[in-house]
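Asker: Sequence:
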Amino acid sequence: MSDSCCNTSTTSDHHHAATMPTGSTNLLGGTGADDLTECVVMKGSTVSKAKAEAQGLYRDYNGERYWFCCAGCAPRFDADPTAYITA
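For what it's worth, the numbering used here labels the leading residue of the sequence shown as 11, then goes sequentially.
The hints are simulated quantities; they were obtained by calculation from the structure and are not laboratory data. Treat the hints with care, since some could be wrong.
Said to hold, decoys possible - Cβ pair distances, simulated, as ranges: (1) Q65 <-> A89: 18 to 24 angstroms; (2) A43 <-> A89: 16 to 22 angstroms; (3) G73 <-> E48: 25 to 31 angstroms; (4) D88 <-> K61: 26 to 32 angstroms; (5) D44 <-> D90: 17 to 23 angstroms; (6) D90 <-> E48: 15 to 21 angstroms.
Predicted model only: the values in this text are computed from it and were never measured. Idealized CB from N, CA, C, for every residue including glycine.
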């Protein structure tokens, strides 16, 4: 079973790219590759910082900002931030 907080399927072979290929269009709603980051909770999930901030899907912790791929990640991070930052 998948441990995804964002996906209800039991299996997933879907993988997110960490960077955008040259010449591609960012469909995540940000301003390009500089806007992209990885969700600290669901490793491998690409996040648009601008879109996450617009939806409140981020937390500031110890002077750093962390962005999430979905609403399910924020409560997991809130419960134990150090488990996700040091992982």
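Asker: Take the hints in turn and mark each one as holding or not.
Answerer: Going down the list of hints, with the structure as the test:
1. Q65 <-> A89: 18 to 24 angstroms: holds, 20 angstroms
2. A43 <-> A89: 16 to 22 angstroms: Hint violated: Cβ distance 31 angstroms, outside 16 to 22 angstroms.
3. G73 <-> E48: 25 to 31 angstroms: violated, 19 angstroms
4. D88 <-> K61: 26 to 32 angstroms: violated, 20 angstroms
5. D44 <-> D90: 17 to 23 angstroms: violated, 29 angstroms
6. D90 <-> E48: 15 to 21 angstroms: holds, 18 angstroms
Hints 2, 3, 4 and 5 from the list above are not met by this structure, while the remaining hints are.
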